[in-house]
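Top to bottom, those sequences are chains A and B.
Taking the numbering used here as reference, the numbering of the first sequence is continuous, increasing by one, and the terminal residue is 739.
Taking the numbering used here as reference, the numbering of the second sequence is continuous, increasing by one, and the terminal residue is 739.
If you're looking for bench data, these hints aren't it; they were derived computationally from the structure.
Mixed in with the good hints there might be a few duds.
You can't tell identical chains apart in this list, so a pair holds if it fits in one copy or across any two.
[To be verified] Quick list of in silico lysine-lysine cross-link-like pairs, BS3-like style, CA-CA up to 30 Å:
{"id": "1", "residue 1": "723", "residue 2": "632"}
{"id": "2", "residue 1": "566", "residue 2": "723"}
{"id": "3", "residue 1": "647", "residue 2": "560"}
{"id": "4", "residue 1": "723", "residue 2": "647"}
{"id": "5", "residue 1": "680", "residue 2": "560"}
This is what each chain is made of:
2 protein chains.
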Amino acid sequence: MTILVTNDDGIYAPGLDALAKAMKTIDNTTVVAPDREQSAVGHAITLSNPLRITEVYRDREFLGYACSGTPADAVKLGVKEILDEKPDVLISGINVGANVGASLIYSGTVSAATEGTLLGIPSIAISLDSRSNDDWSVATDFAIKIVNMVLKNGLPEGVLLNVNIPKLPPENIQGIKIVAQGKTNFNDFFEEREDPRGHKYFWMCGTMVAEDDNPEHDVTALAQGYITVTPVHYNLTAYDTLKEIRKWGIENELGVDAI
Amino acid sequence: MTILVTNDDGIYAPGLDALAKAMKTIDNTTVVAPDREQSAVGHAITLSNPLRITEVYRDREFLGYACSGTPADAVKLGVKEILDEKPDVLISGINVGANVGASLIYSGTVSAATEGTLLGIPSIAISLDSRSNDDWSVATDFAIKIVNMVLKNGLPEGVLLNVNIPKLPPENIQGIKIVAQGKTNFNDFFEEREDPRGHKYFWMCGTMVAEDDNPEHDVTALAQGYITVTPVHYNLTAYDTLKEIRKWGIENELGVDAI
Numbered sequence: 481m482t483i484l485v486t487n488d489d490g491i492y493a494p495g496l497d498a499l500a501k502a503m504k505t506i507d508n509t510t511v512v513a514p515d516r517e518q519s520a521v522g523h524a525i526t527l528s529n530p531l532r533i534t535e536v537y538r539d540r541e542f543l544g545y546a547c548s549g550t551p552a553d554a555v556k557l558g559v560k561e562i563l564d565e566k567p568d569v570l571i572s573g574i575n576v577g578a579n580v581g582a583s584l585i586y587s588g589t590v591s592a593a594t595e596g597t598l599l600g601i602p603s604i605a606i607s608l609d610s611r612s613n614d615d616w617s618v619a620t621d622f623a624i625k626i627v628n629m630v631l632k633n634g635l636p637e638g639v640l641l642n643v644n645i646p647k648l649p650p651e652n653i654q655g656i657k658i659v660a661q662g663k664t665n666f667n668d669f670f671e672e673r674e675d676p677r678g679h680k681y682f683w684m685c686g687t688m689v690a691e692d693d694n695p696e697h698d699v700t701a702l703a704q705g706y707i708t709v710t711p712v713h714y715n716l717t718a719y720d721t722l723k724e725i726r727k728w729g730i731e732n733e734l735g736v737d738a739i
Numbered sequence: 481m482t483i484l485v486t487n488d489d490g491i492y493a494p495g496l497d498a499l500a501k502a503m504k505t506i507d508n509t510t511v512v513a514p515d516r517e518q519s520a521v522g523h524a525i526t527l528s529n530p531l532r533i534t535e536v537y538r539d540r541e542f543l544g545y546a547c548s549g550t551p552a553d554a555v556k557l558g559v560k561e562i563l564d565e566k567p568d569v570l571i572s573g574i575n576v577g578a579n580v581g582a583s584l585i586y587s588g589t590v591s592a593a594t595e596g597t598l599l600g601i602p603s604i605a606i607s608l609d610s611r612s613n614d615d616w617s618v619a620t621d622f623a624i625k626i627v628n629m630v631l632k633n634g635l636p637e638g639v640l641l642n643v644n645i646p647k648l649p650p651e652n653i654q655g656i657k658i659v660a661q662g663k664t665n666f667n668d669f670f671e672e673r674e675d676p677r678g679h680k681y682f683w684m685c686g687t688m689v690a691e692d693d694n695p696e697h698d699v700t701a702l703a704q705g706y707i708t709v710t711p712v713h714y715n716l717t718a719y720d721t722l723k724e725i726r727k728w729g730i731e732n733e734l735g736v737d738a739i
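Can you build the whole structure from these sequences, using the hints too?
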């Protein structure tokens with residue numbers, strides 16, 4: 481088995497290190513990750529700049545390959561240029577901070593797993609609902625289990641798993657739930673400042689706000705202390721709305737003759 | 481009515497100019513767009529750099545506001561810092577190149593409309609299936625019609641419209657179809673080069689490949705000469721797979737006791 485480990489917090493992130501060590505207990509593991517933090521980059525790819533790959537060592541031990549560019553770039557480079565053959569599984573994380581609700585669309589952690597899925601690799605994103613880096617053990621234990629399950633069962637074409645781990649000691653974890661993506665919003669705002677030359681600039685601020693209390697959704701289940709597993713795809717069609725919009729008569733009223 | 485126009489090709493793009501002029505025939509229009517091309521940035525937002533806003537003029541005529549950062553940044557800044565109140569509609573484009581199939585997840589054009597939707601604004605992304613910039617008339621005519629329809633009918637919460645225009649003269653357009661997102665893949669690869677100092681670097685190459693011949697999907701309908709309209713949401717749950725994965729017994733086998 482070959483396991484590709486990546487993330488969006490960059491190759492030096494402790495969550496990546498913990499995940500890579502856990503994966504090595506399963507089988508051959510290669511780390512390919514962005515050379516710096518790339519949080520909130522969404523599914524960006526780099527078309528207008530060249531990309532580079534650097535081998536990274538710490539205390540003479542080979543850590544993995546750092547890539548310039550985004551998490552999706554790192555996955556493409558890992559699969560097409562670094563590994564000799566397609567890995568059996570890809571896991572992205574362990575992200576510092578949950579990826580539930582609307583944050584999925586901003587998440588570099590999830591986008592790395594999406595890119596793996598596009599390349600035909602069973603892929604998992606894993607995030608820890610914490611802003612500190614102290615204890616990865618619940619997340620790494622679950623990562624080993626879910627990777628083994630994916631290796632055994634496979635994943636349907638075009639589907640990845642998005643996993644979130646509550647920041648709780650093992651004895652306080654309520655259980656594991658397979659849930660849908662919940663609803664969140666952002667109360668974002670900009671803080672206006674002035675630079676030393678008198679020019680205005682802005683910092684994006686704000687936090688995620690839960691707009692969901694359905695216990696079968698990731699937002700609520702995670703807040704209630706469950707490990708959440710959400711199957712995610714990239715068919716973005718709002719099927720419920722297809723019918724509704726057909727009632728508008730766009731197809732008739734704005735037909736060829738009308739143009 | 482207030483209309484917010486944005487794009488991912490940058491404030492100087494001819495497709496943005498054509499779209500803004502068309503929107504001005506409807507009502508008050510404000511342009512807020514990235515200060516440079518931001519294609520394939522996905523739903524990136526800028527958290528670790530400050531953002532700036534610049535007023536842009538051409539031939540003494542005010543064009544709009546240029547923002548450093550991504551299309552999603554531009555929309556957030558436009559709504560929170562530039563406009564006095566939330567616009568009645570947002571339209572992003574006209575993109576040079578179609579946004580169908582899997583390219584939706586990479587598209588800055590679509591992500592700007594997604595950000596508008598997250599902010600509670602009825603939003604539309606519009607793209608022209610062409611790599612040249614010569615004739616925007618079919619796209620601008622349709623943009624005026626679809627914006628008027630959205631202003632009249634509204635859009636369901638959390639849903640945007642993704643519009644694609646074939647590169648055909650008006651008389652060869654086959655009609656308008658409301659369709660689902662189709663399937664595509666990418667035959668991407670990296671071209672390896674050496675810089676003047678002897679270091680390796682890579683350019684991302686490749687094109688989109690249709691993997692879909694369903695005439696009710698955007699990929700095929702657009703190729704057959706139809707204007708396509710796809711309702712898009714950002715609930716990424718693969719509902720079909722929820723049941724399948726529950727059969728694995730993750731919830732039981734990997735329960736609290738097992739951790």
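Each hint tested on the structure:
| no. | hint | result |
| --- | --- | --- |
| 1 | 723 x 632 | between (39 Å within a copy, 17 Å between copies) |
| 2 | 566 x 723 | between (40 Å within a copy, 28 Å between copies) |
| 3 | 647 x 560 | neither (35 Å within a copy, 33 Å between copies) |
| 4 | 723 x 647 | between (42 Å within a copy, 27 Å between copies) |
| 5 | 680 x 560 | between (43 Å within a copy, 15 Å between copies) |
Comparing the model with each numbered hint stated earlier shows that hint 3 is the single one that does not hold.
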